[in-house]
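Trainee: From just these sequences and the hints, can you work out the full model?
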Amino acid sequence: MKIEKTAVHISVNGKPYAREVEPRMLLVEFLREACDLTGTHVGCDTTYCGACTVLMNGLAVKSCTMFAVQADGSEITTVEGLEKDGKLHPIQQAFGDSYGLQCGYCTPGLMLSAHQLLSENPVPSEKEIRKAIAGNTCRCTGYMNIFKAIELAGRNMKGA
Amino acid sequence: MLSQLGEGAKFLAGGQSLIPLLKLRFANPEHLVDLNFIPGTSFIKEDSGALHFGAMTRHAEIEHSTLAKKIPVLHDCAAGIADVQVRNRGTIGGSLAEADPSGDWANALITLNTTVHCLGTDGARTIPLKDFIKDAYTTALAHDELVTEVEVETPPKGSGGAYLAFKRSAPVYPSASAAVQLAMTGDVCQDAAIALGCVGLTPIRATEAETALRGKNLNDKTISTAAEAARSVADPQADMRGSADYKRQLVVALVKRAIQIATRRARGERVEGAHLYA
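As given, the protein sequences belong to chains U and R, one line each in that order.
With this note's numbering as the guide, the letters of the first sequence map in order to residues 8 to 167.
With this note's numbering as the guide, the letters of the second sequence map in order to residues 32 to 309.
Just to be clear, a hint being listed does not mean it is correct.
Stated by the list, open to error - Here are some, though not all, of the chain R residues that point toward chain U, as calculated from beta-carbon distances under 8 Å: (1) Gln47; (2) Pro51; (3) Lys54; (4) Asp65; (5) Asn67; (6) Asp114; (7) Val115; (8) Gln116; (9) Asn119; (10) Arg120; (11) Pro202.
Unchecked claim - Derived CB-CB ranges, DEER-like: (12) U:Thr53 <-> R:Asp65: 34 to 42 Å; (13) U:Asp79 <-> R:Asp222: 43 to 51 Å; (14) R:Lys252 <-> U:Gln109: 48 to 56 Å.
No lab work stands behind these hints: they were computed from the structure.
Where is the CB? At the ideal position from N, CA and C, for every residue including glycine.
Mentor: This is the structure in structure tokens:
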């Protein structure tokens, strides 16, 4: 079956991407395959695990649960967009400093969920952190160091 | 546009239920008509004793709305749906139109006077929510008709409500949920609406439980009687979330807690009604 392609213009990490895509292409496939940005992971592909979390216009979304054409005209931030000028983003630095990761598969998604939280609330309580990352599954860490990393990142970003 | 595409076409709202269903091949539409780029479909307004929600209003927008907090059951529901990412995309209109038996909105809203505004090729009409939800995944909507607005009547003074869901983790559907709306004078319950979610093909109104509260002083005994009455109308399926008996037991616990929270809120107390996790 021939599927007509649709033109999309999506800004990813501040860089414009113009592509022709099949309407059924998921946003995560667009990022990984059309933009070669493989930092966004596919975990469960069932809207559960949050490994594919990216920011769309500043809000965390599961990129496996929307189509690329639905992001037309929007601004997407992936984990590749966090560091600036070779310097890690405070969230990335804090995940490293607090041992907030082991295998790292869930980490990009967690960092972007943390990003939405900290941009709205730089000094979150543990309860607020739990609520903010409830949609991100980590099978290694038991989450405690992730909470510490997000608290630390919030403190460092506030001081920045 | 949808009517031109024929029977194989379907509307796509927030997509947080529909896209997973497509991946599982439980839904196989030939065409999807995306509603996300239509301006003016996302709003929260108050007028003449009712709150109005545009169909494409996201759960997160309702969660953070001070207007929606005026009816606590709405905030309970919006803030507890799945996780942040899903709440940023999922919509109130999409949730009702999907009529998933495990969905949250229909169960929370059925305890209030809720009207669904619909628009199709034959024009606009309004349908009370209780007549809108027909069966699992089935509503009164015609194939080429969509939801434009959800209207929720503000409950009278002295009212309190609560919506509680029990979930194994945030992103999954609840194992069971209970919505309670009470109108109180002092400790006496004037009116009650109780609905159970995820334990039948549609939300179930526990009318005997409501009768057990009406005109009564609310205390441990009357609340227990109502919760037991709710157990008997629950019609759960055993699945990976638990056996049927387990879910009936959950219903009893959820209804009790929701009545207690609703009673305190009716007195004007601020009570946070967080969802419960296993």
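Trainee: All the hints need checking, so say for each whether the structure fits it.
Mentor: How the hints compare with the structure:
For Gln47 of chain R, the interface hint holds, since its Cβ comes within 8 Å of a Cβ in chain U; the closest pair sits about 6 Å apart. With a cut of 8 Å, the hint placing Pro51 of chain R at the interface with chain U holds, because the nearest CB-to-CB distance is about 5 Å. With its C-beta approaching chain U no nearer than about 7 Å, Lys54 of chain R sits inside the 8 Å limit, and its interface hint holds. For Asp65 of chain R, the shortest C-beta to C-beta distance to chain U is roughly 6 Å, which falls under 8 Å, so the interface hint holds.
Checking Asn67 of chain R against chain U by beta carbon gives a least distance of about 6 Å; that is within 8 Å, so the hint holds. Interface hint status for Asp114 of chain R: upheld, as the beta-carbon distance to the closest one in chain U is roughly 3 Å, under 8 Å. Restraint check, Val115 of chain R versus chain U: the minimum CB separation of about 5 Å is within 8 Å; hint holds. At its closest, the beta carbon of Gln116 of chain R sits 5 Å from a beta carbon of chain U; the interface hint therefore holds under the 8 Å criterion.
Annotation: interface hint on Asn119 of chain R holds; nearest CB of chain U at approximately 4 Å, less than 8 Å. Because the closest C-beta pair between Arg120 of chain R and chain U is about 6 Å apart, less than 8 Å, the hint holds. Taking 8 Å as the C-beta cut-off, the interface hint given for Pro202 of chain R holds, the closest approach to chain U being about 5 Å. Range check, Thr53 of chain U to Asp65 of chain R: about 21 Å between beta-carbon atoms, so the 34 to 42 Å window is missed.
A hinted range of 43 to 51 Å for the beta carbons of Asp79 of chain U and Asp222 of chain R is consistent with their spacing of about 48 Å. The hinted range of 48 to 56 Å is satisfied by Lys252 of chain R and Gln109 of chain U, whose Cβ atoms lie roughly 52 Å apart.
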